[in-house]
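Asker: The chain contents come next:
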Amino acid sequence: MSDFPRPDELYKSIDYSPPATGWMDTPIKFRPGNWCYPAKPDVLRYVHFPNPREWSAEDKDWKLPENWQDIIHQGFRERLKKFRTFQVFMDICVRCGACADKCHYFIGSGDPKNMPVLRAELLRSIYRKDFTLAGKILGKLNGARVMTEDVLKEWFMYFYQCTECRRCSLYCPYGIDTAEITMMGRELLHLVGCNINWAMEPVANCERTGNHLGIQPHAMKDIVDFMCDDIEEITGKRITVPLNEKGHEVLFTTPSGDFFADPGTYTFMGYLMLFEAIGLDYTMSTYNSEGGNFGLFTSHDAMKILNGKIYNEAKRLGVKWILGGECGHMWRVLNQYMDTMNGPADFLEVPKSPLTGTVFHNAKSTKMVHICEFTSDLIRHGKLKLDKSRNDNLRVTFHDSCNPARAMGLLEEPRYVIKNVVNNFFDMPENTIREQTFCCAGGAGLGTDEFMDMRMRGGLPRGNALRYVQEKHDVNTMACICAIDRATLIPLADYWAPGVQITGIHEMVANALILDGEKQRTMNLRQEPLPGFEEEE
Amino acid sequence: MSLEDKLAARKTELVGKWGDVILATYPAETQKVWKRQRDRFANPVGVTILETAQNLFDLLLCWQDAEAIANCMEMLIKIRAVQQFSPSQAISFVFLLKKLLREELGDELRMEGAIEELMSFETRIDNLALMAFDIYSKSREQVYEMRIKEIKLSHRMLMRKADMIADVAAPTADK
Amino acid sequence: MNALYSLVFVLTLVLIPLVGVGAADLKTIFGVCIPSTAIIVFVAGFVYKIIKWSRSAVPFRIPTTGGQQRPYDPTMFKQNKWDNPSTGPQTVIRMLLEVLAFRSLFRNTKASLHEGPVVAYASAKWLWLFALLFHYSFFIIVARHLRLFMEPIPGFVNALDFVDGILQIGAPVVYQSDAIIILGLGYLLGRRLWDARIRYISLVNDYFPLFLIIGIVLSGVYMRYFAKVDVMAIKELTMGLVTFHPHVPANIDITFFIHLFLVSVLLLYFPFSKLMHLGGVFLSPTRNLPNDTRMNRHINPWNDPKVHARPYADYEDEFREKMVNVGIPVDKPLPSAPAGAEAPEKA
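Chains as they are written, first to last, in this note's numbering: chain A, 1 to 537; chain B, 1 to 175; chain C, 1 to 347.
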């Protein structure tokens with residue numbers, strides 16, 4: 001017995017405080033749940049990305065190309081010239097710390113390297129060493145360090161623990177945008193073949209088939225038919241959906257997640273029912289069945305390649321303008337990149353609602369309108385027959401998706417639509433919504449299941465605010481306008497605020513919407529009984 | 001003065017110290033942020049730690065409602081279950097109370113010859129640990145369930161397309 | 001540790017003129033050569049940096065939007081013009097608010113539902129407040145110094161002088177800006193030293209300029225309020241510098257040389273450090289561009305036409321048969337003669 005320490009000695013020896021080393025000297029540890037699986041070699045070969053190979057972040061040897069340091073250095077230099085954001089953000093940070101506690105991953109994990117300022121310092125330390133005189137001479141004193149394999153691993157860890165949500169950028173006195181830093185970091189990592197599968201495989205699939213799961217066109221058609229079946233069962237009306245047809249007025253583009261994934265499918269059915277109700281002259285396309293853009297999480301080139309399909313198809317089909325569905329990253333690309341990358345869209349006309357005559361001047365160059373803008377305009381002109389009471393079982397809050405909020409400013413339009421289709425709406429606390437919204441922690445290619453632990457950490461701030469309105473207002477539904485949200489918020493709510501379901505706005509619109517000649521509805525789009533019909537089943 | 005009375009009298013102090021040692025399981029610079037920022041939306045972890053320590057302490061003293069105790073611990077354990085902790089580290093916060101009480105009251109009670117009282121009180125903490133273990137396991141299971149559910153949801157239409165789902169819920173007769 | 005290095009370094013810098021002027025009597029070097037070199041390096045370095053920044057391309061227009069966008073119909077929703085500008089003038093206002101009022105830093109302070117003491121929010125507000133105090137008093141002090149470089153002294157400098165000393169405390173009159181800058185510097189240094197989070201991210205290049213500016217301020221304060229140096233002699237020297245007739249009068253206090261030397265170091269250091277945020281804040285693409293990309297096409301100077309989407313024709317070639325089978329329209333029909341289609345399968 002004397003070999004064993006006495007219990008109180010044992011207790012006294014418990015010490016979980018980490019060593020108090022500076023951040024450059026604190027090693028990182030890959031363990032299940034804090035990193036995403038690397039891209040499969042076949043996927044990289046298909047999109048012609050360098051260094052395809054089998055590897056794992058937990059391996060010691062990452063099988064980098066021999067001259068990888070040189071590759072990174074050259075890539076760094078090139079991007080400093082190509083992006084003023086990058087060059088300026090490398091120089092002007094004063095480390096004031098305003099961003100430090102704004103990142104959802106820091107708030108949930110407590111890992112200091114998830115403070116945005118340190119995420120950027122990962123690149124800045126190399127910048128100082130390679131590109132500034134002071135850094136070359138003073139080295140570590142000046143916050144500079146040499147590019148080693150450990151630094152590269154740190155990059156991989158932390159640039160794939162950032163969802164490019166831009167919340168920190170909002171509070172930065174110089175507008176330093178960590179999303180931009182992360183995009184540069186990821187581009188550099190691509191040069192030596194360090195990337196994640198959940199970003200790269202969708203990129204390859206979207207390029208080849210037009211959607212992120214690689215579904216071929218005939219299967220897409222079947223899936224749309226299934227939805228029409230369901231709509232018929234619910235409303236008694238059979239509708240047809242034009243695919244790849246020429247000569248229509250509008251091309252409708254939405255993220256492909258809405259074709260396959262619940263509850264996005266219900267939102268998709270919502271779009272179809274809305275278009276049926278107003279008799280919109282539209283078509284969809286299997287060629288650009290993915291509006292969401294996984295290229296945004298990959299590289300500027302990949303973003304351009306995937307985005308190009310939208311204008312290509314609009315031109316080929318001869319439409320007048322384009323309507324875009326509920327999607328976060330898609331709208332960042334559409335609002336801030338599309339026209340620059342693949343425009344000018346001079347073959348299209350300035351969007352004009354065929355029902356209300358409203359001209360969307362704010363989209364006069366890209367010719368693309370957000371469905372929330374479109375629907376809010378319809379509602380304002382009384383073009384929709386709505387029965388709000390069908391949504392009376394819902395007590396709704398709204399999650400502002402990062403990109404429509406901080407890369408566009410689409411804040412009031414979705415709220416207007418929600419308030420017109422449901423009776424019970426409650427916003428979450430002010431510092432967690434609108435431009436200050438918290439990320440779902442699964443954006444930017446991180447919404448994959450092996451990353452669930454980290455996603456739950458990063459999802460805590462959102463979940464916590466949700467739980468608050470759940471307790472205070474009995475909220476049971478969180479609406480969102482993003483396909484990634486519709487996937488990632490489900491586990492987030494299940495874990496942090498059990499009992500709250502996730503929905504797209506147009507699912508609720510369609511539930512309230514009265515179609516001409518429909519039968520009396522007894523169930524909602526999920527085929528659950530509507531309020532008042534619970535007994536009849 | 002019974003041990004319970006002593007604990008109740010020093011509640012604020014002991015709860016504060018317990019909160020501090022729980023916070024001490026996080027990096028030093030994180031502790032400072034989490035201690036200072038009291039906004040529950042900007043700092044959910046720090047606020048949860050302090051609230052849990054406070055409420056749990058009361059519940060331990062009256063030791064009546066097991067369900068309330070479990071509910072009280074749930075949020076903190078859920079948080080620690082997905083953070084970068086091993087399972088033992090995740091629920092260590094319970095044992096930290098044991099350590100704290102021995103340090104704070106051990107000598108005094110030994111002198112009074114009442115150390116037995118502390119030891120019997122500690123069985124409550126042991127029970128707390130077992131409950132914490134249950135909640136922790138449940139949370140981890142939930143994480144894996146969510147991973148499965150997510151994959152199922154993201155492919156539902158495809159499964160349907162591939163004719164892999166026999167949808168028993170849908171009425172087949174009238175089709 | 002980083003703080004200590006910086007402090008030692010600044011103290012060493014103080015010693016240099018002490019030895020140089022005090023012991024070696026190198027007044028011309030410290031009074032003329034070093035300051036003029038510093039000014040030249042400062043100007044050249046500043047211009048170089050700005051040119052370097054502006055030569056980096058702005059391929060995309062990616063402002064961070066902090067409020068409601070310009071809606072399709074202004075009567076429908078109210079645009080937040082200052083936080084989400086859509087025109088040039090609105091963007092100018094956003095920049096002015098940013099540069100003159102530190103609007104983004106102020107965001108930190110937005111009130112919200114919270115529990116616990118209200119103090120929790122004050123720290124965030126203090127950063128904004130003290131940063132503002134520091135920068136404005138720094139600016140006023142620099143402007144006041146213009147009196148040493150101009151003859152006659154412009155009216156606004158005299159006016160500034162008067163306002164800055166309006167409380168009429170002490171003789172010579174205490175400038176409020178002197179007191180405020182010391183307060184501001186004390187706070188900025190204090191939070192780096194005592195706030196663990198900030199200490200963790202602070203580098204030598206964060207402490208060094210702080211200590212340097214503190215050194216400059218203290219030497220200046222000492223000259224004015226304690227040593228009561230001969231300002232006319234100093235003005236003789238400074239006027240000599242700006243009129244390119246360098247001349248060092250005899251009766252200048254050693255403190256002045258320390259002050260001048262530290263200022264020279266600051267000027268030398270400025271363009272190569274984070275202090276360039278003075279220039280950079282104007283060039284930050286997430287703030288200085290309007291959110292108007294759906295209205296006006298932004299041009300990317302290096303847009304590469306060779307990078308493009310997979311053409312539709314390619315796609316149709318791969319999937320044509322499957323598309324035709326389910327009735328999706330195609331551009332090119334399937335190769336006719338179903339009999340012919342069967343034949344290759346057998347072959």
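Bear in mind the hints are in silico, worked out from the structure with no lab data behind them.
Here a beta-carbon is modelled for each residue, glycine too, at the ideal position from N, C-alpha and C.
Among these hints, one or two may not hold up.
As the list claims (entries may be wrong) - What follows is a set of in silico ranges between Cβ atoms, one per label pair, in the way DEER data are often shown:
(1) 75/C to 423/A: 46 to 56 Å
(2) 87/B to 30/A: 15 to 25 Å
(3) 29/A to 145/B: 48 to 58 Å
(4) 136/A to 33/C: 41 to 51 Å
(5) 42/A to 54/C: 38 to 48 Å
(6) 67/B to 126/C: 38 to 48 Å
(7) 63/B to 42/A: 54 to 64 Å
(8) 54/C to 48/A: 30 to 40 Å
(9) 119/B to 423/A: 23 to 33 Å
(10) 65/B to 42/A: 54 to 64 Å
(11) 33/C to 29/A: 36 to 46 Å
(12) 136/A to 55/C: 16 to 26 Å
(13) 25/A to 254/C: 35 to 45 Å
(14) 126/C to 48/A: 27 to 37 Å
Asker: Each hint should be assessed against the structure and marked as holding or not.
Answerer: Hint-by-hint comparison with the structure:
1. 75/C to 423/A: 46 to 56 Å: Roughly 25 Å apart at Cβ, these two residues miss the hinted range, so it is violated.
2. 87/B to 30/A: 15 to 25 Å: holds, 19 Å
3. 29/A to 145/B: 48 to 58 Å: At 26 Å between Cβs, range violated.
4. 136/A to 33/C: 41 to 51 Å: violated, 27 Å
5. 42/A to 54/C: 38 to 48 Å: With Cβ atoms ~43 Å apart, the hint holds.
6. 67/B to 126/C: 38 to 48 Å: holds, 44 Å
7. 63/B to 42/A: 54 to 64 Å: holds, 60 Å
8. 54/C to 48/A: 30 to 40 Å: holds, 34 Å
9. 119/B to 423/A: 23 to 33 Å: With a Cβ separation near 58 Å, residue 119/B and residue 423/A fall outside 23 to 33 Å, so the hint is violated.
10. 65/B to 42/A: 54 to 64 Å: holds, 57 Å
11. 33/C to 29/A: 36 to 46 Å: violated, 54 Å
12. 136/A to 55/C: 16 to 26 Å: holds, 21 Å
13. 25/A to 254/C: 35 to 45 Å: Taking Cβ atoms as reference, residue 25/A and residue 254/C lie about 42 Å apart, which means the hint holds.
14. 126/C to 48/A: 27 to 37 Å: Roughly 52 Å apart at Cβ, these two residues miss the hinted range, so it is violated.
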